[in-house]
Each structure stands twice: as C-alpha cells, then as structure tokens.
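Given the sequences, and given the hints that come with them, work out the whole structure.
Here the sequence shown is numbered in the numbering used here, starting from 6 and rising by one per residue.
It is worth saying that the hints were derived from the structure and are not from the lab. Misleading hints may appear alongside valid ones.
Ranges between beta-carbon positions, derived for each pair [to be verified]:
#1 Gly29 to Pro53: 17 to 27 Å
#2 Pro122 to Pro97: 49 to 59 Å
#3 Gly204 to Gly176: 11 to 21 Å
#4 Asp52 to Gly204: 45 to 55 Å
#5 Pro53 to Arg247: 34 to 44 Å
#6 Gly44 to Asp117: 29 to 39 Å
#7 Ser42 to Gly20: 11 to 21 Å
#8 Asp72 to Gly176: 51 to 61 Å
#9 Ala162 to Asp93: 32 to 42 Å
#10 Ser28 to Gly204: 34 to 44 Å
Note that CB positions come from ideal geometry on N, CA and C, so glycine has one too.
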Amino acid sequence: MTAQTRHAVSVPAGGPWESWFPSGHPGLGSLAEHVRSTGTGHWWADDPRAPRAGAVGCAGHVLLGGDPRAVRPEDLAPLARSWFAAPDRFLPLLGAAFDRIVPWERMVWVRDGDGGPTPAPPPGTRIRRLTAADADAVRSLGPDSAWITESWGGPHAMTASGHCHGAFGDGRLLSLACTYFLGSRYEDIAVVTVPEARGRGLARACVHALCADVTARGRTASWTCSRDNHPSRALAAATGFRLVRQYVHYAAGRAATCGTGRSTAP
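In structure tokens:
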C-alpha cells in the first residue's frame, strides 16, 4: 500500500472511502472522521487515485476496508504492532502479514440523556476544562498515561483542542477525561486517573463535565473498552452509558516479512 501521512493529504471523502469508513458511528466508527478533521493520523491505499483497498490509522488503531486481494502481506509491514478492526475477509491477509494476530473483545457504549445529576467535585478538588497552558500538567501524569494524548498528536494539541476536562487537587492534575476520536455525530471519550487518586469520584466528575460539552456541541458521547476491563465498564455504567455493540479487534505482532514495524499505544 502507498502510505499518505497527515503532512501530505487528509483522508479522502466520498467515493469508496465513505462506504469503507462511513460517518456517524460511535467508538472506532469515529476514527476516520477524527483523522480527517484534526489531521492527526495516516491513511494508506493500494492506489491513491483509484483505490481498491484502504486503511486509516490513528493512535495505534487501524481500520481496513475494500478488497483484501488488492493488498500483499508485505504491504502491511509499516502497520506492525497496531490494533486492527476489519471485516472478516481481511483475517487471512493479517495472518500472512504478521507473526501473530491476537483477538481482543471490545465493547462500545453510548450515553443516554444527561447521565443523571452531575456529582459535586470531591473536597479539595476543582474540575475544569483544560487549555494549552495545561500541557505540562498532562505530561506530569507520566508515561503510563501518555497514550491518552496520542490521538491528538501530544499533550499540547490535546489540551489546546478544548475537548478535555481535568480534576486538580493536591497541587497537580489527578484525572482527566477527553474526546479521543472526534466524529460528526459521536465523540468517543477516554479517561485516566493517577493510581493514588482512584476511588475518589474524580473520573466520574470529569466524565460528566466533558459529556456536558459534548452535548452542547450537538453530539453524543460514546465509550470503548475491553470486555475484561471491569473498572472501565463500571464507570461507563455509572455515568449514563449503555452497551450497544461488541466486536473483536486484533493485535498484530511484528511484520512476518522483514523489519519490526512501529510501536503503538496500549
């Protein structure tokens, strides 16, 4: 496939791309729209002028569409160590392209209504929208939380987007909720909280604040998590989300042909 980066061109609109990656869907369904609207991510095609197969990737997640017969296994080498969501017809291609393919069951939730009463911030904390001036505070969360900024291209871009709320206390940022993939109808959100501040209701307060903004923008919040991530599932249920879909995506290992590919977020 021919790689096209965000520095070269945005994800094409219309034509086969719209049928492969349709707009207006929750969860990873917002990924292509996010890449198109924010410029963060990449797209690939077997032939950019008349594509028969294509891929869109952001923050280590890759969507595949079209005809897998148009793609050679070695063409996927640059996408090693990514998480793939693709129709079943692509599974033989993925199996040939990488040294391992591990299925991972995922869940998509959508928020109903306003999620109930907005909880009061825990004593000694303040919940507010983040700005570009908070980029260093986000970096201070440490490397285990760095993944949450990757869909925006880093802490500065994420905080400058106006699409995240944080909980501040003890002189630092303790928790944040942000739009991870920005779609035309849905905003798929993500949350992190430092270990020592968990169980205090901070994530719940941040989610409520963020979802109020999502609603004000005329969109609906969605939530994606692993089926085995019980804390995430519990937080989704507690903040007004309902389960709408389950699916499987695939963790790819190293390229089966040559090279080690690129690393990706957890």
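Against the structure, the hints come out as follows:
For the pair Gly29 and Pro53, the beta carbons lie near 25 Å from each other, so the given range of 17 to 27 Å is met. Range check, Pro122 to Pro97: Cβ separation about 50 Å, and the 49 to 59 Å hint holds. One distance hint, 11 to 21 Å for the beta-carbon pair Gly204 and Gly176, holds here, with the actual separation near 20 Å. For the hinted restraint 45 to 55 Å between Asp52 and Gly204, the CB-CB distance of approximately 52 Å keeps it satisfied.
At roughly 39 Å, the beta-carbon separation of Pro53 and Arg247 lies within the given 34 to 44 Å, and the hint holds. Taken as a hint, the range 29 to 39 Å holds for the pair Gly44 and Asp117, whose Cβ atoms sit roughly 32 Å apart. Between Ser42 and Gly20 the C-beta distance comes to about 18 Å, which sits within the given range of 11 to 21 Å. In this structure, Asp72 and Gly176 meet the distance hint of 51 to 61 Å, their C-beta atoms being roughly 55 Å apart.
For the hinted restraint 32 to 42 Å between Ala162 and Asp93, the CB-CB distance of approximately 35 Å keeps it satisfied. Taking the beta carbon of each, Ser28 and Gly204 are about 38 Å apart, inside 34 to 44 Å as hinted.
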